[in-house]
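The chain contents come next:
Number of protein chains: 4
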Amino acid sequence: MSKSHIHRVTIRFGDCDPAGIVFFPNFLKWMDEASLAFFMAHGVEPWRVLEKTRGIVGTPLLEIQTTFVKSATYGETIEVHTTVEEWNAKTFKHRHVVKRGDDLICEGTELRVFVQRDAENRDRLRSIPIPEDIKALCQ
Amino acid sequence: MSKSHIHRVTIRFGDCDPAGIVFFPNFLKWMDEASLAFFMAHGVEPWRVLEKTRGIVGTPLLEIQTTFVKSATYGETIEVHTTVEEWNAKTFKHRHVVKRGDDLICEGTELRVFVQRDAENRDRLRSIPIPEDIKALCQ
Amino acid sequence: MSKSHIHRVTIRFGDCDPAGIVFFPNFLKWMDEASLAFFMAHGVEPWRVLEKTRGIVGTPLLEIQTTFVKSATYGETIEVHTTVEEWNAKTFKHRHVVKRGDDLICEGTELRVFVQRDAENRDRLRSIPIPEDIKALCQ
Amino acid sequence: MSKSHIHRVTIRFGDCDPAGIVFFPNFLKWMDEASLAFFMAHGVEPWRVLEKTRGIVGTPLLEIQTTFVKSATYGETIEVHTTVEEWNAKTFKHRHVVKRGDDLICEGTELRVFVQRDAENRDRLRSIPIPEDIKALCQ
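Chains as they are written, first to last, in the numbering used here: chain A, 232 to 370; chain B, 232 to 370; chain C, 232 to 370; chain D, 232 to 370.
In short, the hints are calculated from the structure, not lab data. A portion of the hints provided could be inaccurate.
If chains are identical, the list can't say which one is meant, so a pair holds when it fits in one copy or spans any two.
Stated by the list, open to error - When the alpha-carbon atoms are kept at most 30 Å apart in a straight line, the in silico DSS-like pairs for lysine-lysine are as follows:
| id | residue 1 | residue 2 |
| --- | --- | --- |
| 1 | K301 | K321 |
| 2 | K366 | K301 |
| 3 | K330 | K283 |
| 4 | K301 | K283 |
| 5 | K324 | K366 |
Build out the structure end to end from the sequences listed, making use of the hints.
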């Protein structure tokens, strides 16, 4: 398991669609925010700093899975509860549980890798082993 | 199985993140576009028309699953190939395969329901059996 | 003049573009959020409530003007300082000043109207005189 | 004056807000797309190529001004007609006219600069004189 983190989001008018409810890709955006907020809350520097010091550009996704339970609308505040459910050699799996008070709104997992820019071709991103120091901060 | 549809998207600068690649929730947005484009290409009217004629507001998601294979960036054109993989009594499952030329970029499924506004409480959305006429158009 | 309101935003990775800075339409999104937050902070109910009680759907824009002074990036928190600079018979003008600490990031105005759905054609939105009670709450 | 370019956009469900019309920052996003499309249509390479060959990162905004005339909704196709109205020493001004058939939806200007990364501090973006070769391609 891992430490956890709660990322709070107030839903805005422009986050909602003509049905009056959150346009669902925004939940994925908020889970992505929650992932970076999780790392930064536990002492990891933002990617733009790590890019310069260690070449780490971020943690792109290999796979996501999300289940939607209730809808939500603007003016409401939701909480994204984030943990790391699995640390593997080159990947890690987040679990995000999105709640509005006690109501479960949606939940899902993200399988991610850490990537560096390739030294020879800076357009190429290469996955690297999970950095042990980052893992140690978050466990 | 079902008919299929190809939804073309040209990736824009503002769709990409500081790593220079598509910010992944945009792939979910494009799959959502592809779903409505699939129905409209086969003769189904947009939700804002169906809302007035039949109370059908749209097809919210119950579950998504996506696997990301290659990254993509702005200036590139991708194709979302959409089918309905399963028609169930009250749900249907889309498969979206996103390609750039012959390269697989990502692929995933969406489990969706058709919903109507509740007659007594218009804020409440209720799932309904798959409309047979819509299914017939798309099969 | 009017009361004022401060809307705080933490900038996220996905709000930034390949140049690593905020993709500028997001500043307009945050000013839009700040507008609704301004009204709700002073006791006005959200549009989805006013739509049911008074037919008021929102405050669409007639005109915007924005000047961009400094860029901003993810991990930073900005404040949108919002006032109403002019109340006219059928329009009002917001001023939004966006700051990061003491630094001015951007500032602009929005000319808006209040609209109701037309009773005969619910797709048609009609501008109405500024509601006196709403103006009184915000002045 | 300048050459012109037409950028076509089909409006999507997720581009619209709870009032059922385009969430206005999307018009700014489409004008931004139209700006890059304008340059690429006239033979300028995308910023990610120019960044490597000439250090040019893009054309950030100094000022925008937009007037909104009619609303638009999903399923509709709009055209953004783009020109360069002024070429100055270090800035240029786009005019974007957004139409749906013969209907004017909105129109506006963007004052932009070309920027390079500073050689000593790559986080710093510096404006440069308008590149004569790019201007020549677009005039």
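To see whether the hints hold, each was checked on the structure:
1. K301 <-> K321: This pair counts as between: shortest inter-copy Cα distance 17 Å, intra-copy 34 Å.
2. K366 <-> K301: between (33 Å within a copy, 25 Å between copies)
3. K330 <-> K283: Between. Shortest inter-copy distance 27 Å satisfies the 30 Å Cα cut-off; intra-copy 36 Å does not.
4. K301 <-> K283: between (41 Å within a copy, 22 Å between copies)
5. K324 <-> K366: For K324 and K366, the Cα distance is within 30 Å only inside one copy (12 Å; across copies 37 Å).
The structure shown violates none of the earlier numbered hints.
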